[in-house]
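Go ahead and model the full structure; you've got the sequences and the hints to work with.
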Amino acid sequence: MLLDFNSEKPIYMQLAEAVEDDILKGIFEEETQVPSTTEISISFKINPATAGKGINLLVDEDILYKKRGVGMFVSKGAKEKIMQKRKDGFYNNYVLTLLEEASKLDISRSEIIEMIERSKAR
Amino acid sequence: MSKIEIKSITKDYGDTKALDNVSLTIEPNKIYGLLGRNGAGKTTLLNLITNKIFPTEGSIKIAGEPVLENDKVLKNIFYMMERNLYPEALKVKEIFKWTKEYYLLFDIEYANKLSDRFGLDINKKIRSLSTGYASIFKAIVALASNADILIYDEPVLGLDANHRNMFYKELLANYSEKPKTIIISTHLIEEVETVLEEVIIIKEGKLIEKKPVEDLLASAYVISGEASKVDEYLKDKTYIEEEHMGKYKSATVIENIQYKNETLARKLNLDFAKVELQKLFISLTN
Numbered sequence: 001m002l003l004d005f006n007s008e009k010p011i012y013m014q015l016a017e018a019v020e021d022d023i024l025k026g027i028f029e030e031e032t033q034v035p036s037t038t039e040i041s042i043s044f045k046i047n048p049a050t051a052g053k054g055i056n057l058l059v060d061e062d063i064l065y066k067k068r069g070v071g072m073f074v075s076k077g078a079k080e081k082i083m084q085k086r087k088d089g090f091y092n093n094y095v096l097t098l099l100e101e102a103s104k105l106d107i108s109r110s111e112i113i114e115m116i117e118r119s120k121a122r
Numbered sequence: 001m002s003k004i005e006i007k008s009i010t011k012d013y014g015d016t017k018a019l020d021n022v023s024l025t026i027e028p029n030k031i032y033g034l035l036g037r038n039g040a041g042k043t044t045l046l047n048l049i050t051n052k053i054f055p056t057e058g059s060i061k062i063a064g065e066p067v068l069e070n071d072k073v074l075k076n077i078f079y080m081m082e083r084n085l086y087p088e089a090l091k092v093k094e095i096f097k098w099t100k101e102y103y104l105l106f107d108i109e110y111a112n113k114l115s116d117r118f119g120l121d122i123n124k125k126i127r128s129l130s131t132g133y134a135s136i137f138k139a140i141v142a143l144a145s146n147a148d149i150l151i152y153d154e155p156v157l158g159l160d161a162n163h164r165n166m167f168y169k170e171l172l173a174n175y176s177e178k179p180k181t182i183i184i185s186t187h188l189i190e191e192v193e194t195v196l197e198e199v200i201i202i203k204e205g206k207l208i209e210k211k212p213v214e215d216l217l218a219s220a221y222v223i224s225g226e227a228s229k230v231d232e233y234l235k236d237k238t239y240i241e242e243e244h245m246g247k248y249k250s251a252t253v254i255e256n257i258q259y260k261n262e263t264l265a266r267k268l269n270l271d272f273a274k275v276e277l278q279k280l281f282i283s284l285t286n
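Chains as they are written, first to last, in the working numbering: chain A, 1 to 122; chain B, 1 to 286.
In short, the hints are calculated from the structure, not lab data. Take these hints with a grain of salt, some might be off.
Chain B is faced by these chain A residues, among others (derived, beta-carbon under 10 Å) [what the hints assert, rightly or not]:
1) Leu2
2) Asn6
3) Lys9
4) Pro10
5) Thr32
6) Ser36
7) Phe44
8) Lys45
9) Ile46
We put the CB at the ideal spot given by N, CA and C, even for glycine.
Now the structure itself:
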């Protein structure tokens, strides 16, 4: 988990995304416990209300669930859910930004496609 | 639940108004930052809340009861003052013992544990503590007081970066363990920004802002790029903090971030960035 306090994005959103990232990477596996709001708050030096808000975003989306008296756990199917959500945003977040940067650098569409083809060799 | 209700407080010192008709409610169990420039009236406000001084006009209630000479209420507030008023000849551990006489819930074991963590020798006399350790000592007494309301006036004065970091973490651990109202008056805004839930800003004795940090940060944003294009974006907008570097220009736009014009910015090749609380604070208090 990494948070960027200089980013335009509110900290609670960054936190939610950071937890999602770690679920995608398999650091937090389904049906296992994630750090508590208290742990998150202390280790990132953020207000517990901010940490709680971030975690609650994921609870609302059924990515995390609360086990009474134990803590927060990753829901079954969370990874799939995050992937689906991220795929929906892929065009806006990655493709459009890529095209924007490419136009700044005068890189044509066919050059981009050629780069993608080349990357397959990696 | 110790709600603090400040009603139409004015404090005069001769001809100067240290505080001028300030009304403010401080909700229980939140972490507040009290911000203001030197001489804005921060310490006066804290001294009034803790009944160290008396208001010229107005009243302050805590949990529904007036603070005036009210021991029952005052035993639930711990005020870490910037000045050191502890007897210089006493040892740290003796102060811990004496504090428990008034703050019955004071946790000596926790105070010792914190001293150990910060490397504070409890056998040292107050007079022999360095500026940094005097701050650490006072911060520890406050943390261990178990009061419902903790007030810190410049808590990290003279602390090195590592100790400041430790202090904020201990404060958050303490708060998470047992939620309480915490008010931190400080100049080091950037450093506490993420720790705070709300900020209270006072200027020349008047309350000018009380808002969740998140709302305050959402109330402005920075735009930058080529000067003429930035100017085009800024047309009809309120802005502050213009900065030029050759043809480059940046400015802080006073407008909620949800209204920023991304399409126009893209067309003009401009970049957005987060407003710095520190900069917003300077512009609000100038």
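Using 10 Å as the Cβ threshold, decide whether Lys9 of chain A counts as touching chain B. holds, 8 Å
Hint check: 10 Å Cβ-Cβ cutoff, Leu2 of chain A to chain B = violated, 14 Å
Quick one, is the Phe44 of chain A hint okay against chain B at 10 Å, beta carbons? holds, 7 Å
| query | With a cut-off of 10 Å, does the beta carbon of Lys45 of chain A approach a beta carbon of chain B closely enough for the hint to hold? | reply | It holds, given that the least Cβ distance between Lys45 of chain A and chain B is near 5 Å, below 10 Å.
Checklist entry - Under the criterion of a CB-CB separation shorter than 10 Å, is Thr32 of chain A in contact with chain B as hinted? => result violated, 22 Å
- [ ] Please verify that hint: Ser36 of chain A, Cβ, nearest Cβ of chain B, below 10 Å or not.
- [x] holds, 9 Å
Item to check | Residue hint Pro10 of chain A, partner chain B, criterion CB-CB below 10 Å | outcome: This hint holds: Pro10 of chain A lies near chain B, its Cβ roughly 6 Å from the closest one there, short of 10 Å.
Under 10 Å is the threshold here; is the Cβ of Ile46 of chain A close enough to any Cβ of chain B for the hint to stand? At about 5 Å, which falls below the 10 Å cut-off, the nearest Cβ of chain B leaves the hint on Ile46 of chain A intact, so it holds.
Less than 10 Å between beta-carbons is the criterion; does Asn6 of chain A satisfy it with respect to chain B?
holds, 6 Å
When the structure is compared with the earlier hints, violations turn up for hints 1, 5 and for no others.
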